[in-house]
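Starting from the known structure of chain X, fit chain F onto it as the hints suggest.
Number of protein chains: 2
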Amino acid sequence: MNVFIIGVGLIGGSMAKDIKNFDPEAKIYGIDNNENHLEEALSLGLIDNSATYQDLSIADVVIVSIPVDVMVSVLPKVLDVVNDNAVVLDAGSTKALICSTLDQHPKRRNFLACHPIAGTEFSGPSAAINGLYKGKTNIICEVEKTAFKLQERALEIFQKLGMRIRYMNPEAHDKHIAYVSHLSHISSFMLGKTVIEKEKNERDIFDMAGSGFESTVRLAKSSPAMWTPIFKQNKENVIETLEEYIQNLEAFKKMIVEEDYEGIYNEMSSTNRIKEILNGIPLNKN
Amino acid sequence: MNVFIIGVGLIGGSMAKDIKNFDPEAKIYGIDNNENHLEEALSLGLIDNSATYQDLSIADVVIVSIPVDVMVSVLPKVLDVVNDNAVVLDAGSTKALICSTLDQHPKRRNFLACHPIAGTEFSGPSAAINGLYKGKTNIICEVEKTAFKLQERALEIFQKLGMRIRYMNPEAHDKHIAYVSHLSHISSFMLGKTVIEKEKNERDIFDMAGSGFESTVRLAKSSPAMWTPIFKQNKENVIETLEEYIQNLEAFKKMIVEEDYEGIYNEMSSTNRIKEILNGIPLNKN
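Protein sequences appear in the order of chains X and F. Under full-length UniProt numbering, the first residue of the first sequence carries the number 1, and numbering increases by one thereafter. Under full-length UniProt numbering, the first residue of the second sequence carries the number 1, and numbering increases by one thereafter.
So that you can see chain X by itself, here it is in the shape it has in the complex:
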């Protein structure tokens, strides 16, 4: 099996590692604009060879894991050169624009739109780890538009990675993911910003930070190059979630200003059921 990874970072690199583990015969080729990343991926053994877009004609599987703005220009080119029997998977955090971009492509049936919900706040080939996908959810969109035998090949890989599959249309994906992923990133970035602004004058403030703060701002370490195009592509949904979040914060502030401490108690108490909800998230048992 010839597997091509376009974008040999955390997502593509971790997938390469797992594929190599369950199929040592697989030949892994890496394509990346960043020469340093390619060399790093080679020396880390994530890929067997570096390759170019021309080489894609020999691919059985192509995994495209690059920022979503580059994705929309790269995916059509990839489909142009792959053979009729190749399956091309993406790993983009947005799905609507990617799906609509490829909708009329003559090789649309070679493409499977995916969003493996897995990752860490780190990036690049050195961030790639074994077992990143085990127990994680993979959202697949417009599955009916992919050739049946190519669906099968992709699903076999996902099964071996240990992923569970959810099918969804691209618009529903983008709407829901704005709540459970994109908004978390913004709330975390802005929390980090608010505290850093204060810290300019008061260096000691971080001596006071505990593990609660660290966990809440963890996502503020994420890559701007990856996240800017996500917010751009999912603009309308992200604005909606941000407005609801700001409204909730304003309402909470109003209760403090008006000394409605019973209201504050009830607000927190009813949100406590996030405990049970989180226990239902399969991936967080690690």
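In case anyone wonders, no lab produced these hints; they're calculated from the structure. Certain hints may be false.
Distance condition first, Cα-Cα at most 30 Å in a straight line; then the derived DSSO-like pairs of lysine-lysine [to be verified]: (1) F:K198 with F:K77; (2) X:K275 with F:K235; (3) X:K235 with F:K175; (4) F:K254 with X:K232; (5) F:K235 with X:K198; (6) F:K253 with X:K275; (7) X:K198 with F:K254; (8) F:K198 with X:K253; (9) X:K27 with X:K134; (10) X:K235 with F:K253; (11) X:K77 with X:K107; (12) F:K232 with X:K198; (13) X:K198 with F:K134; (14) X:K17 with F:K175; (15) X:K134 with F:K254; (16) X:K275 with F:K275; (17) X:K253 with F:K235; (18) X:K175 with F:K253; (19) F:K107 with X:K198; (20) X:K145 with X:K160; (21) F:K175 with X:K253.
Below, chain F without anything else, positioned relative to chain X:
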């Protein structure tokens, strides 16, 4: 050494465990309004005996770890009954009201105002763990108001718990802790609320939540009984931090609305330095 723990939950119970580890001779007495917690603490071996406020006359060390609203009424009563050679420590997340309440107490020199910055999102005796305080920061306020030999006894305990000490005045403590702790809790609670509100109609949404979401809403599992009085006592500072946070979120939203993606990139990029700042937090290496 007779050690009394008033409030045998996560904070008091974990302290009892560590004290017992480094001083097996220490006798640990527990006082708690909640009879179930007392029984649980006894059966878990956190305390050797349950006790009452009258018994406090034999105490060498009293650790008060109860919600901060109860703290301000309990601490004066505790000081009333302890002997002249006892040191009374609190573990409150606010310091200004507690310190001003005790300022004129005849036994003020028996009190040491502390905020050990340690904890988890869990509570109650069963949440108590060994080594909770190792490497963590303990903020001590108005140290000069505590009798010298009693400071020494307390500092010896903190040293054996593995804590590092920072001295601060109560007003500075309350102002800074609002940024690095109280605001994180509100941002997390409101994030949880925003997503739960959505989930009412869309149960599947949480299938899409990954570890990033879980880490960002972790603090929304926290106890409302503990946090409501903290927000009450630190009202002015909490409102100020919330206003700055909301302003930053509004500005971020405006950039998305106006499609200023360069601004969004720069905003995230400059906040990325939270990485280095967090590496400087000693406690987060566990």
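Against the structure, the hints come out as follows:
no. : hint               : in the structure
1   : F:K198 with F:K77  : 47 Å, violated
2   : X:K275 with F:K235 : 27 Å, holds
3   : X:K235 with F:K175 : 35 Å, violated
4   : F:K254 with X:K232 : 13 Å, holds
5   : F:K235 with X:K198 : 18 Å, holds
6   : F:K253 with X:K275 : 29 Å, holds
7   : X:K198 with F:K254 : 22 Å, holds
8   : F:K198 with X:K253 : 21 Å, holds
9   : X:K27 with X:K134  : 22 Å, holds
10  : X:K235 with F:K253 : 10 Å, holds
11  : X:K77 with X:K107  : 11 Å, holds
12  : F:K232 with X:K198 : 22 Å, holds
13  : X:K198 with F:K134 : 27 Å, holds
14  : X:K17 with F:K175  : 47 Å, violated
15  : X:K134 with F:K254 : 38 Å, violated
16  : X:K275 with F:K275 : 27 Å, holds
17  : X:K253 with F:K235 : 10 Å, holds
18  : X:K175 with F:K253 : 17 Å, holds
19  : F:K107 with X:K198 : 37 Å, violated
20  : X:K145 with X:K160 : 23 Å, holds
21  : F:K175 with X:K253 : 17 Å, holds
In this structure, the earlier hints numbered 1, 3, 14, 15 and 19 are contradicted, and the remaining ones agree with it.
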